[in-house]
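Asker: Sequence:
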Amino acid sequence: MTLILNGIILALILMLTIGVFAAVPEVSQFAYSPSPAIPGSTVTVTVQLENKNDTTLKGVSVQLENAYPFTIKSTDTQPNPYLVGNIVGHGKAQTQFTVYIDPSAENQTYNLPITLKTTDDATGTKTNHEINVSGKEPLVKVVSIVENKLLPGEEKTIALEIQNVGTSPAYDVLVEMQEDRTVTATGGVVERDIVPLGAATTYISGINPGEKKTVELKVSVSSTATVKTYTQPIKISYRNSGGTRTTDTSYIGLSVFGNVELDATLKEIIGSIAPGQKADITLELFNKGLGKAEFVIVELNAENATIEKPKQFIGSLGPNDVDTIKTPIIFNTAGDHTVTATITYQDADATAKKTVVEVPVKAQLIGEAGTNPLLIVVVIVVICLLVWNFFLRKKGKK
Numbered sequence: 060m061t062l063i064l065n066g067i068i069l070a071l072i073l074m075l076t077i078g079v080f081a082a083v084p085e086v087s088q089f090a091y092s093p094s095p096a097i098p099g100s101t102v103t104v105t106v107q108l109e110n111k112n113d114t115t116l117k118g119v120s121v122q123l124e125n126a127y128p129f130t131i132k133s134t135d136t137q138p139n140p141y142l143v144g145n146i147v148g149h150g151k152a153q154t155q156f157t158v159y160i161d162p163s164a165e166n167q168t169y170n171l172p173i174t175l176k177t178t179d180d181a182t183g184t185k186t187n188h189e190i191n192v193s194g195k196e197p198l199v200k201v202v203s204i205v206e207n208k209l210l211p212g213e214e215k216t217i218a219l220e221i222q223n224v225g226t227s228p229a230y231d232v233l234v235e236m237q238e239d240r241t242v243t244a245t246g247g248v249v250e251r252d253i254v255p256l257g258a259a260t261t262y263i264s265g266i267n268p269g270e271k272k273t274v275e276l277k278v279s280v281s282s283t284a285t286v287k288t289y290t291q292p293i294k295i296s297y298r299n300s301g302g303t304r305t306t307d308t309s310y311i312g313l314s315v316f317g318n319v320e321l322d323a324t325l326k327e328i329i330g331s332i333a334p335g336q337k338a339d340i341t342l343e344l345f346n347k348g349l350g351k352a353e354f355v356i357v358e359l360n361a362e363n364a365t366i367e368k369p370k371q372f373i374g375s376l377g378p379n380d381v382d383t384i385k386t387p388i389i390f391n392t393a394g395d396h397t398v399t400a401t402i403t404y405q406d407a408d409a410t411a412k413k414t415v416v417e418v419p420v421k422a423q424l425i426g427e428a429g430t431n432p433l434l435i436v437v438v439i440v441v442i443c444l445l446v447w448n449f450f451l452r453k454k455g456k457k
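Once you know that position 305 of the sequence shown is 364 in my numbering, the rest is easy, because the numbers rise by one and skip nothing.
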């Protein structure tokens with residue numbers, strides 16, 4: 060009697076179980092595109108339903124659940140839940156949904172819950188379906204330089220700002236300044252003008268997506284470095300969440316510059332600087348700095364004087380370069396004088412600059428220079444008279 064009762068109960072349980080499963084269709088196909096899904100983008104999910112019963116399932120509906128990292132985009136044409144309607148025995152139906160993937164999703168497989176309901180089963184049945192999320196990787200780049208100007212012969216610490224512009228954290232980040240060398244055809248090695256000094260590598264444990272970090276690297280500039288902009292490779296390596304190490308190279312521009320230091324001095328005077336007399340003066344211009352001056356223009360001025368060529372174009376003056384300008388001048392007063400040279404130029408940054416130099420012109424330079432034509436004539440006459448007098452005395456003695 061007990062066995063019969065237990066059998067009846069088991070049969071009722073099986074019938075109820077079959078009835079429950081038979082009350083909703085099955086998900087016979089599940090697909091999504093694109094595959095794999097990419098963080099921060101959407102995928103189109105296609106769900107195919109199949110009624111494996113002989114009878115019609117009425118009021119069938121499909122609902123996708125918002126479960127991290129998925130968000131269902133419900134629209135008028137693609138509502139969620141979606142009412143399929145009736146599915147005849149052994150019939151099929153298909154529906155689509157748009158699903159957004161959270162940007163913070165990692166590279167792994169996530170479950171998307173789907174609930175199927177019918178008129179006879181308002182509770183419904185929930186099943187999980189896998190979506191593979193991939194394409195999320197870190198990407199670390201140099202985004203700015205705090206200070207990129209260097210002087211020849213200088214040792215300096217430069218600060219680089221790096222940023223993870225990717226969509227996943229970067230781990231064990233190494234930033235290294237590479238000491239590239241050029242090998243000539245004969246096997247010779249040409250060293251770079253800018254080289255790392257001391258530890259050329261900086262370590263950072265991790266950088267989150269969008270996060271910035273500042274690293275410092277010390278460099279040494281050759282004393283013979285040319286004043287120009289150098290392209291310096293920076294090697295950055297890091298690991299993703301799966302432990303795979305990636306190495307990228309960023310390039311930064313380092314500017315080696317030198318200050319322009321222009322000066323002038325009096326080189327020569329030809330003629331008299333006596334009042335009202337015309338003389339030719341020559342000024343020597345020179346660059347004592349390490350930078351190159353371009354579009355150099357010199358404008359001369361002096362009180363109580365008339366300058367015939369007050370403004371003259373020089374061109375360019377590189378480091379240790381010398382040039383001269385010459386002009387006739389008439390001083391209207393006696394004594395010492397000052398010629399003011401206003402020098403305008405452009406530096407390496409194309410910035411217009413000006414230097415004012417006062418050049419003294421001493422009155423005694425007339426005699427010292429020995430270049431006054433009248434003085435030369437007088438000296439020659441005096442010498443001739445002395446020689447003539449010498450011969451006359453010698454002849455008289457005989």
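Keep in mind that the hints were calculated from the coordinates and are not lab data. Note that the structure is predicted; figures quoted are calculated from it, not measured. Some hints here could point you the wrong way.
Simulated restraints on C-beta separations [stated by the list, open to error]:
| # | residue 1 | residue 2 | range |
| --- | --- | --- | --- |
| 1 | Q371 | K347 | 44 to 50 Å |
| 2 | G150 | D231 | 51 to 57 Å |
| 3 | K370 | N318 | 44 to 50 Å |
| 4 | I311 | G257 | 17 to 23 Å |
| 5 | D113 | S92 | 18 to 24 Å |
| 6 | N318 | E196 | 16 to 22 Å |
| 7 | H149 | V224 | 36 to 42 Å |
| 8 | W447 | E343 | 38 to 44 Å |
| 9 | E206 | E358 | 34 to 40 Å |
| 10 | S309 | T245 | 48 to 54 Å |
| 11 | E213 | K412 | 18 to 24 Å |
| 12 | A259 | G194 | 31 to 37 Å |
| 13 | T399 | S309 | 47 to 53 Å |
| 14 | S264 | K111 | 14 to 20 Å |
Built from N, CA and C at the ideal position, the CB exists for glycine as well.
Asker: With reference to the structure, classify each hint as holding or not holding.
Answerer: Consistency of the hints with the structure:
| no. | hint | in the structure |
| --- | --- | --- |
| 1 | Q371 with K347: 44 to 50 Å | 20 Å, violated |
| 2 | G150 with D231: 51 to 57 Å | 56 Å, holds |
| 3 | K370 with N318: 44 to 50 Å | 25 Å, violated |
| 4 | I311 with G257: 17 to 23 Å | 18 Å, holds |
| 5 | D113 with S92: 18 to 24 Å | 34 Å, violated |
| 6 | N318 with E196: 16 to 22 Å | 46 Å, violated |
| 7 | H149 with V224: 36 to 42 Å | 53 Å, violated |
| 8 | W447 with E343: 38 to 44 Å | 41 Å, holds |
| 9 | E206 with E358: 34 to 40 Å | 36 Å, holds |
| 10 | S309 with T245: 48 to 54 Å | 32 Å, violated |
| 11 | E213 with K412: 18 to 24 Å | 22 Å, holds |
| 12 | A259 with G194: 31 to 37 Å | 33 Å, holds |
| 13 | T399 with S309: 47 to 53 Å | 50 Å, holds |
| 14 | S264 with K111: 14 to 20 Å | 55 Å, violated |
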